[in-house]
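Engineer: These are the residues of each chain, in order.
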Amino acid sequence: MGPFLEYTVIGLTVGSFYALVALGYTIVYGIIRLINFAQGDLSMVGAFLGWTLLVSFGLQSLPLPIALVLVFVLPMIGTAAVNLVVLEVAYKPLLNKSLLAILISALACSIILSNGAEWKWGAAIQAYPPSLLPSEGFNVGPVHLTFVQVALFVISVLLMGGLYAFIQGTTLGTAMRALAVDHDAARLMGINVNQVIRLAFVLGAMLAAASGVMLGLYYVQIQFTLGFLLGLRAFTAAVLGGIGNIPGAMAGGMLIGLLEAYTTGYISGKWEDVIVFGVLITVLVIRPTGLFGERVAVRM
Amino acid sequence: MSSDDLLGAILLFFVVLAGLRLFAYSRLSEEPRFNGWLNRVDRVPYWSRVIAFLVGIGAIAYVQGDEYFTSVLVGVATYAMLGLGLNIVVGFAGLLDLGYAAFFAIGAYTSALLTTLPQTHWNFFVTVPLAILFTGTAGAILGYPTLRLRSDYLAIVTLGFGEMTRVAFNNWDYAGGPNGILQIPFPEIPKISIGGQSFGYVFQSQFDFLIIGLALLAIAMIFAQNLEHSRLGRGWIAIREDEFAAESVGVPSVRLKLFAYVMGGMWGGLAGGFFATRIGAIDPTSFTFTLSVYALIVIVLGGTGSLPGVLLGALIVVGLPEVLRQFDEQRLLVFGVALLLVILLLPQGLWARIRRRPKPFYGLQEEEAGQVADRILREHQQQMEERDARHAAAGHRVIQEGEAILEVQGVVQQFGGLRAVDNVTFDVKRGEIFSIIGPNGGGKTTLFNCITGVQRPKAGKIFIDGRPVAGLRPHVIAARGVGRTFQGIRLFKQMAVFENVMVGLYPRHRTMTWQALLHTPGERKDEVRTLQESRRWLGFVGLEHLAGRLATELPYADQRRVEIARALAAHPHLVLFDEPAAGMNPTEKLELDGIIRKIRGLGITVVLIEHDMSLVMRISDRIAVLDHGTLIALGKPAQIQQDPAVIEAYLGRDDDEVPVERAQGA
Amino acid sequence: MRCPWNELKGPDGLALLEVNDLHVFYGNIEALKGISIQAEAGQIVAILGGNGAGKTTTLRAISGLLRPRSGSITFGGKSLVGISAHSIVALGLSHVPEGRRIFNVLTVEENLSLGGYLIRSRTQLVKERKAAVYALFPRLAERRLQLAGTLSGGEQQMLAIGRAMMSEPRVLMLDEPSLGLAPILAKSVLRTVREIASRGTTVLLVEQNARQALAIAQRAYVIEVGRVVLEGDASELARDERVQKAYLGGFEGVAAS
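Protein chains in written order, with our numbering: chain P, 1 to 300; chain H, 1001 to 1666; chain D, 2001 to 2257.
Only chain P is shown next, with the shape it has when bound in the complex (with noise of 0.2 Å):
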């Protein structure tokens, strides 16, 4: 029972970093049937500002409170304006051409993102302060949690609640699941479109950015790379909880995070991805819409 606790712990907390890079590919594809593949890198982006201003802006000298509040904010709103330069520069001129256009420009801001990233933050592997959370922990029965741990996924629950709040309950948020069915009777009720795709790449990057956040402070290691694999078990993820729908991608990031702990633990770390893979295309070829169904728009 034991490791069995264990590994649900681990599966959860990176689970949760999926699940919110997973909501930025559902939040972006339901609304634009974008795979938006920059979407890892954007988490890269997000960690190495975390690691900059905590390195080299002395942010880990500060109160512990105010460091974390703005070790998150602040990638936050860089990543988002980064995701915004990416929509306006490489997405939107392609937005009625074909498909395949629009995903090779996706292809190409990712192979801009992580190479921009080597560039200006080098190909070495960096590391955040070890010691800005105590990494000492507790235990709950069998269980060991650590501090950091925790923190992580309540900070990830409350930004998943948020997020959810705000799409189910706000006037906003309604509007941006309206365009998720049909564009142009969105447009006949005055919802500026363009203003809500913004709107959600920014919030998409935002989560993001978060998630690479939490990466650096769970992994302390950080690499121009991470984007990569993050972003494919996010779009994984994506897909299995059905696309476009955002309890979907939530469920799916921690689905495919119990996955991973649990092959790791009870298999090998060296079947990861074809059990991942594996069970996701079983499941598509059962249901060929994902485990909670697609919310996507018709592209006009």
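The hints are simulated quantities; they were obtained by calculation from the structure and are not laboratory data.
Only pairs whose alpha carbons sit at most 30 Å apart, straight line, appear in this in silico DSBU-like list of lysine-lysine: (1) H:K1525 <-> H:K1598; (2) H:K1589 <-> H:K1429; (3) H:K1598 <-> H:K1636; (4) H:K1525 <-> H:K1359; (5) D:K2033 <-> P:K97; (6) H:K1493 <-> H:K1525; (7) H:K1636 <-> H:K1589; (8) H:K1359 <-> P:K97; (9) H:K1589 <-> D:K2033; (10) H:K1493 <-> P:K92; (11) D:K2078 <-> P:K92; (12) D:K2078 <-> D:K2033; (13) H:K1429 <-> H:K1636; (14) H:K1493 <-> D:K2033; (15) H:K1493 <-> H:K1359; (16) H:K1493 <-> P:K97; (17) D:K2127 <-> D:K2187; (18) H:K1458 <-> H:K1429.
Counterexamples of contact, computed for chain H against chain D with all Cβ distances above 12 Å: (19) I1194; (20) R1375; (21) A1393; (22) K1598.
Positions of the beta carbon are idealized from the N, C-alpha and C atoms, including for glycine.
Keeping the supplied structure of chain P fixed, place chains H and D upon it in accordance with the hints.
Structural biologist: Okay, now just chains H and D, sitting in the frame of chain P:
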């Protein structure tokens, strides 16, 4: 000249050439001399053009004589082969594939294992066909369960397939695990002695590899071209453009998609086998997602679906980073920016396939208008007789003129709580023109969809030719001789008009895929016949002069006529036209009237959904009226005109709750 | 709901909504070949014509979903050409598109909230307008929390109209509101349209049910292949033989031949 400069110069030359070409097409497309020149180029056999080009490339490498330069060209050839395969899947069939590296890997590992294993130690050239066979099978394995997934889901599934394959090789100790396979032998022609002299050769210099690479590439190019210009290629493109419409004119979309995976896999296997022997040592890191992405960039950059575009794309993807070596660390960054710029400026690709043809029937035997009509009639009667004979031979009763060719019995179709078609029964007799009228939303198109197999009715039976059609796929029903057109025109937008009609001939082809690959004389004859027939049908609807245009360039009325020609192309005995007169002006409607009568003259039964009452009343033998899913009247035009229920459904009742003094109808 | 501006004409004696020589292309295809339409404040103006004639295209061009190649559209003296669709709504012109296009994954209430998107910060006003819509369509009130996709065809049409009324438009454009509805429902929808017009809203009505449309309209246009072929007083058009022949009949017209 240094090899970097030469490479840069070649790149620049082809990019400028591509620009000039696009410019020429946009400015000179109406110019007769330009078009005449294009036609002359077209007449030169494709294989000779490919070989001439590749020999030219080989000659440059020979003259330059630089190992490094040659090795870059070998890389270009490998990527080009890869791109040609992916182009079949993505460019032709429109199926997104982000895991194409898997096929490359399977091909490479197959060839490498067979050449290195002590039990086999086979010659490279023997392993290539096996590599192709294996990857083709892998294509089927990937394709079969995923065919019904939509394109975006395919992206992640194929991506997953690619990663799984790589990880599997990484964990497979027999194949060397993470270390991969080392010391893969060079390809060789084994020594044989003829008359005391021994022949034989081991390929080991970069130039040797370039020769093998170019030879394999030539084969890959020619086969890809042959495929594209066969019924299979047209079927793929039709599916890419509009799968629903393709099915309805008789293209078996599921089978064709599976085929695309298999074929695409085979090309990947070829490239993989070549890659393994050339590198000499392979390991799983050669087959990452990045490779799949680069293969995709190759085809999109060049112009999806365009074969010369693949060559250009490969040249850029392999050559540009080499030229950019001076940027050292940042070359991928610069590459990414360049890629973004190209895709933003030319989203269609640098060497986009231009499908419109100024003279599509250039070189075909000319036929006079009178002859055309006779030929069609003769041909059609012959087809009908053959069909009837086949029908009788299969033990079915042949429906005679005046007997019911289409029987609709108690059909019910329901969406949610709404009964779109509610217990409708009627039959259509062979040889008549039968119209279905009624207010919009009355269930007419739904009924068509039930008849053509697009939807399965919730209850009731439909018989065509005395045989039930329940549960048949649309392409099967189309192949049984049912043609249809659509309310909102569904032509294959990016295909030329004559190609649209040629797709309509799909069910009548008898050639096999291998014949298409090899472009055999039999297949060639079949193609010419197809072209000839598409021309006749376009003549039949009066559109021969527009045959080379893209379908979307035509006015609506003409598009509807193209749809009619496409529906007729396979010589159906029953056609269903959904609002053919919508959007037509009175003159065009009159012409349509003539076309429909001509169709009936061929002996084809016509079922019509139409709102234009004067057309319907003029032309129909009988009329059925559907309102809110129910059949409210059925009879000859004169009866329908006087039927109070019909008048009420159409016009509303005279006592409608409106100011009475104004509501004076007839 | 009576609004003072609906009594007014635009400046320069222009009608409230003026469409002049409108040309719209889809790619190379000319869908509208010079359409001119006028709607005076408070009128119901019917647009009739066969499928594919260009009625829907006309409405889409007016509401900014399509960009005309040439021609002018003025609304209260202000040109609408080149203004994006969402800003046109803000000017007071609402479009209920063909096929209703309600947001089927949202609830009735949420659909109405989106109808009031532009006034979303004024919660009190949103509440009042919702109440007004529910008063107009009591059926919707009963189904407030139901997903719109589960409504019947008639209820969906009510929702589509109600949603458009949330912005209190000066001009309401309706594209085939009776499509697919049983006669009794179609009639009740048209009755509602007349009621909306009687409160001062100008209505541009595209209808296939020509007789009913002409009966409630003051003015009407008949469109054929992208051109206006007939226009005039609705009651006159209802008696016009050509309209009879083309749309009301075909029956009577051909019976003679």
